[in-house]
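Colleague: Got chain Z sorted already, so can you dock chain D onto it with the hints?
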Amino acid sequence: MESKSDDASGNTITFTVFTSMTTELNKKFSRVENKIVKSSMATMSKGTYATQTVNGPEELNEFLNNLKSNQAVSIGICNKGPSGKIKSKKSQQKGAITRTKDNFEYSNCFIFDIDDSTLTIDEVIPTLCQIDPNLINADILVRASSSYGVYKEGDKPNVEMCGYHVWILGVKDPSDIARYGQAFAKLCWLKGNGHIIISNSGSMLVRQLIDASVFSPERLVFEASPTLAPGIKQLERPCRIQRGASHV
Amino acid sequence: MFDTSNLVLAEGQDAEYEPLVSAAKVKIKPETEKIKRLYIKEKVSELVKRGVDDEVAVTQVTASLESGELYGHQLLHFQEHGVVSVSDVLAEPYKFDECSLADPHEPEYHNNDKSVAKLFVNTMTVNSMAHGGRTFSLRETPDTMVETWLAATKIAESIEYILSKVLPGFDIDNAEISVGAINKIVSLTFWDANKSRFFSLSKENVLNAYSKPNGFKLLSKVNGRVFDEEILRERAELTEMTKGEINAFIRGCENQVLDHLEIHNQRATLEMRVDMFARKPRIEMQVDKARIVFVHQPYEVRGDVNNEIIADYKQHFPLIDEVISFIIAGRFTRDRKQCYVWFLCPSDWGKGFFMGLLKDLNASVELSVKEIEKIFEGGPVGRSTAEFKSSLVLVVDEFKTVKSEVKQLQSTMTISPKHQLSIEVEIFTKIFLSAESVDSLVGDAGVEDQFVNRFSMLNLSGNLTKREVFSCYGSGRYFDSVLAYMATEFNSRISHYQSLGKAAAEKEAEEYINGFVSRHGMANSHKRLSESIPDIARDFVREIYESTLTYKYDGVLAGRGILDYESLYLCNATKAFEDWVKANYGQSELVMIRKKRQQVFEAMSLDGKGISKHRVDGTPRDAIKVRYELYDSLIEGSSVVRSFG
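Listed in order, the protein sequences are those of chains Z and D.
Whatever position you read off the first sequence (first residue = 1), add 104 for this note's numbering.
Whatever position you read off the second sequence (first residue = 1), add 47 for this note's numbering.
Bound-form chain Z, shown alone:
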C-alpha cells in the first residue's frame, strides 16, 4: 500500500483532528496541598472528527500549537469519510462512528512517544537514529510534551526529566507502520535501550526508549497546551525540526 498522500515528496501530511463536545482533551495542572497535580481526560465519548492536511513539519507544528483544549489528534485517518461525528460504543446516534480501530487506518505519519526521558531535545533525533539510522532521511518534528516545564510560580522549573512526541512525516507505506513500531521497540532492547520497570502492584513492565503502544491509527495524541491553575506557569515548549535527506 502506498502513501495516502498524492504528494510524491511526502511533504503533505494527513492526520485526524478530534473535537470533543463534552470534555476537555488537554492536560490540567492544579495545586493540591501546595503540590502540582496533573490530570487528563483520556476518553472522548462525543464529538467530531476531521481529516487534516498540512504541508511539512513547520506547518504541522503551528497547527498543533493552535489546538484548542477540547481537541486532540490521531496519526490515522477515518475510512468512513473525511469528517463526521464520534459517538461512544453504547450510543445509538445515527451517522456517528466510534473511535475504534475498524474505523481508522494508518496515514503517512506516526509518532514516537518518549516518556520521562533524561535526553535533551537536541539529543532526541540522534538517539533515535542510533536505533534506526534511516531516520536521518525522514522529515521529523520533535515537540516537548505538553507537561514540559510546568512549575509553581516562584519555584525553579524542573526540566531534567521530559517527555517528547516525535512526529515522523511522509511515510511511504502506511500499512508498514505497526510492524515498524514493534521492530523499532525490539531494536531498542537489542541496542541496550530496554529495561523492566515494576508497577505498584508488582507487575513487570517491559519498557524501552519509546512507548510501543502508540502505533495505532485511532489512538489520541494529546498535543494541546495544558490548562494551568492560577499560580502555575509553564516554560515555552521547545521543538526541533529535521528536514530529512529525502526531502525534495
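Hints may be right or wrong, so weigh each one.
[What the hints assert, rightly or not] Rough simulated footprint, nothing fancy, chain D against chain Z, three-plus residues with beta-carbon under 8 angstroms:
{"no.": "1", "stretch": "241–250"}
{"no.": "2", "stretch": "274–281"}
[Stated by the list, open to error] One-sided and incomplete, this derived list gives chain D residues near chain Z with beta-carbon spacing under 7 angstroms:
{"no.": "3", "residue": "Met-48"}
{"no.": "4", "residue": "Asp-50"}
{"no.": "5", "residue": "Val-68"}
Treat the hints as calculated values from the structure; they're not laboratory data.
Every value quoted in this text rests on a predicted model; they were computed, and no experiment measured them.
We put the CB at the ideal spot given by N, CA and C, even for glycine.
Modeller: Same frame as chain Z, now just chain D:
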C-alpha cells in the same frame, strides 16, 4: 519519503529479543515479589476493613494479579459513582456502562486519575490505558477456590521449612517458590490410586495422565515452575552434602506437592462438565469425586454460507432456526425436563443429513434405546467421555419403542467407558427420530402423561434429495453450506447467552423452551392417557357387567363379575384387568395401559380406593365395588334381563 521497510530485524535478532527480556525479568523478580507482597498486604487489609473475610480477600487479590480478572469484593474507583465493588457493578452493569474509572489494580496511577480506564458492559471488561494498556474481565469469584489457594500456601510454607532446615542462611526469596504455580497444580490435578496416575487438566482443555516418577517434572512444565531447582542445587553443592543427599533434598521439596495430591486430591470417580461461562478449565474436588470443568470452545465454522442453499433448506425444514434456538436454549436452561423433541419424518426427509450436521460439529452423541437402557443399568458402553464434551444433543435414531429409562435422560447420566473411570456426563437436548409413529409412545388411549409433559413433536415432510437446489449444488456443497450456517448460528446464540451472564441466560433459555413447548408440545396434538382413564374404566366395567349378565358371553371376563343385590363387584381384579388388556390392546400399548391399572381401578371403584375389603355374597373378599353410574346407563339400554339378587 520515509521508507519504514528499510528497518528489518536481521536474522537471529528476533530470536535474541525474548531471552533478553526474560533475563531482565529474572534479574528483577525478587524485587517484584517483594513489591507484590506489599501490594497484596495493603489491598487485603483495605478489603478486610470493609468486612471481607481475610481468606476470601487474600484469594481474590492474589488471583486477580495472576489472572488479570477482577473479583466481587475488589474495589473500582469511578469518576461518576465513587468507590464501588465489582459485585455491585455485576448486579447493575448498565449503570456503569462506558463510565470512566481509575486503573483497577493501581487506582493511584497518574495521580489518582479516574479517566484512565473505562468499563464496557458488552464484554464485561475494564480497558485501562495505564502502563500501555491492559484489559480486565469482571467476575464474581475466581476459578481458584479459597481452599486450593490456602493449600498451595501451606505447601509453599512446608517447602520453605525444608529449605530453612537443609540450607540455613539461604535467602528463601532466591528459591522463587511460586504459590501461583502450586495453586495451579493443586487445583487442576488429582491422583487416581487404581491407575497410579496423576490426571491433570491442561489449559488446552485436555485431561492428561502422568506417571508418578515424571509427575512433578511434567506438572511443573505445564503449570509453571514451583521453585528454582538450579539455585537450590548450586547452594546445596556449597555444603558438604553428597549428590545423593542433594537429590533426596530436591525430591523432598517436590514431594510436598505430590504428597498433597495423593492425600487430598485422590479420587476414583469423575464428573464432567463444560462451563459455558468459564474462561479457564478447572477441577473441582468434591467429597467423593473429581468434577472436571472444561471451558466451551466455539464450534468450528468451515467454509462459507451459501444464501441460496440456506433459503432452500429453510423451505424444506422451516423449523430449522427454531430447532437451533431450542438446542442452544437447552444448553443454558437449568431444568431440561422438557428438552425432548421427536422428529416424525418420512425416510427421505433427510434425517441422516440433519444428524450428520450435528455429528460433524461434534455437537451430538448418538445412542440407541438399548444403549440407554444399558447405561442406566451401569453396563460398559463403547462411548468415550470426549464424545460428550462438546455435545449439545443426544440423538436416538430409528426410535421404535419408548422405555421408562428415556424419562431419566433429563440432565445427567453416568457412563462407564471400557477400560476407563466411570464418569457422570451432562445431557441437554434429546432428539428422537423415526419414520413411523411409535405405538408404545402414542396409543389409541393417548400418550402417557410423563411423555406428554416432556416431548415436543415435529411432524416433518418432504424429500430433501429431490429438491432442485440440492441436485444443482450436489449433496456435498449443500451439506457444507448448511453446516457452516449451523455452526455460525450455534456460536452466535451461545455468545448471546454468555453475554447475559449465568442467571439471565438461564431465565431467557427457560422462557424459550416454554415457548417452544407451547407451540410444539405433544399436548397440542395428543390426548393424555390420564384423560382417557375414565373411558378405559367405563369400557372395562361395560365388559364386566355384560359378562356377568350374559350367560352366552364367552369373553375373557366371563364369570368375573358378581352381582350382589344391586351392587356389582369384581374379584380377582388384577388378573381380570390383565386378561382384558391383553385381549383389547396391541403389544406396544399393553405396557402403557398395564401401568395405569391402579388408576383405572380407582376410577371404577365406588370408594375411589380400587381393590379393598368388601362382603360379597356374605364372604369378606378383596374386590372392587364398581361405581353404579358406570353401568347404570347399561341397565336401561341393555338387552340383558335385569335379574339382581
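Colleague: Are any of the numbered hints broken by this structure? If so, which, sorted upward?
Modeller: Hints that this structure does not satisfy do not exist here, as all of them hold.
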